[in-house]
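2 protein chains.
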Amino acid sequence: MKCGVSPIIGFRFSLYPMAANFVEVIKGALEQTDTSNVWMHTDDVSTVIRGKQVHVFNVAKAICLHAAKTGEHIAMSGTFSAGCPGDTAGDVYLEKGDEVANIDTTKQYVSSQFALYPMNNPDYMDVIYQEVDRAKERGVFNESMHYASGIHGDIHDVFAFYEESFTHARSEQHKHLVMTVSMSINSPSHGGR
Amino acid sequence: MKCGVSPIIGFRFSLYPMAANFVEVIKGALEQTDTSNVWMHTDDVSTVIRGKQVHVFNVAKAICLHAAKTGEHIAMSGTFSAGCPGDTAGDVYLEKGDEVANIDTTKQYVSSQFALYPMNNPDYMDVIYQEVDRAKERGVFNESMHYASGIHGDIHDVFAFYEESFTHARSEQHKHLVMTVSMSINSPSHGGR
Ligand SMILES: [Ca+2]
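Residue numbers (our numbering), protein chains in the order written: chain A, 1 to 193; chain B, 194 to 386.
FYI, nobody ran anything at the bench for these hints, they're computed from the structure. Take the hints with a grain of salt, since some may be wrong.
Claimed, not checked - With beta-carbon atoms standing in for the labels, derived distance ranges:
| hint | chain 1 | residue 1 | chain 2 | residue 2 | range |
| --- | --- | --- | --- | --- | --- |
| 1 | B | Glu365 | A | Gly97 | 47 to 53 angstroms |
| 2 | A | Gln130 | B | Lys220 | 34 to 40 angstroms |
| 3 | A | Pro7 | B | Glu336 | 23 to 29 angstroms |
What the hints assert, rightly or not - Just a few of them, taken from the derived set where beta-carbon distance is under 8 angstroms, the chain B residues facing chain A:
| hint | residue |
| --- | --- |
| 4 | Pro210 |
| 5 | Ala212 |
| 6 | Thr240 |
| 7 | Cys277 |
| 8 | Val285 |
| 9 | Pro315 |
| 10 | Val320 |
| 11 | Phe334 |
| 12 | Ala341 |
| 13 | His367 |
| 14 | Thr373 |
| 15 | Ser375 |
| 16 | Ser382 |
| 17 | Gly385 |
What you are looking at is a predicted structure, and each value in this text was computed from that prediction instead of being measured. Don't be surprised by glycine CBs; every beta carbon is placed ideally from N, CA and C.
Using the sequences and the hints, build the whole thing.
In structure tokens form, the structure reads like this:
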């Protein structure tokens, strides 16, 4: 396992189109997204994007939204990481400005689940409860469940919550934070939303 | 977030068939698997199974293998959890015996990635490095990467490694362990394996 220096955020994810033309949907979503602000690498299982937090979340949302626009049932599952120790790689992408490359306000319902793992922090359960409360305040909380919390709503509200939560669940003292997310879009279970 | 009592293992996962008939593939895999040894609940995003470790891993592998036999490109992504604090639910499934319900030795190549998150453990990076060494010893290590490690081989070797690693990465002192896995089967990237 290789990890990132403190200011670098990483998101290792897979995009799953439940469709025979899954290769085209994935490639199309990646091509339609401006990924110039992040370092990106794809292998046979997943894709990882790394850079400043603002760009990592912007690119993740754009890829998800482009895939959703095909109308196919798609899912995105992945892990956001910050402050992972044991890093070796320096990265020029931290020198990018803060202006996001992808702007698209298309509405899209997302049902998702997330879990926070603040590493080496004795008070980690307090951090988790605080962020679940935040989801309720932001109007995106869906339901409690074993090992995760349900988050849903418009894709822009959902991603805004995830970015805000990821910011607040780590600190100078507890830099290493992991957040898993699993999103479902255009599911037959969502009744056409 | 609700969590499990110490002896209960949970696996919250999604099965993703990259096929138009994804509903049938998912339902078929669940129906063909004997899930009588685990508590199971499915919602619009994922499925959670809970019980004794031996049964949770056995059921997870059986579901994955049944889906793989359709020949479709499928993925399974999820999180194994043990010792999560804050639990409320008692569970009768801990009284099940240790004999597994699903036995199927069909060979199937799996390419996967995993990450271990030993919670509230100052020595967590040592635990992670130890388990990566174990993967190399077991012959299932594929490659190092940011935020995860690549694990591949026959599905039975891959699951045996995951169960062994999940056992050794936690202790009486450090009960709360999380392990994310993301598996890819019958991928066009795997050249027919
Ligand atoms: Ca095969």
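Review point. Among the hints numbered above, which are violated by the structure, and what are their numbers in rising order?
Key: Numbers 6, 8, 10, 11, 13, 17, in rising order.
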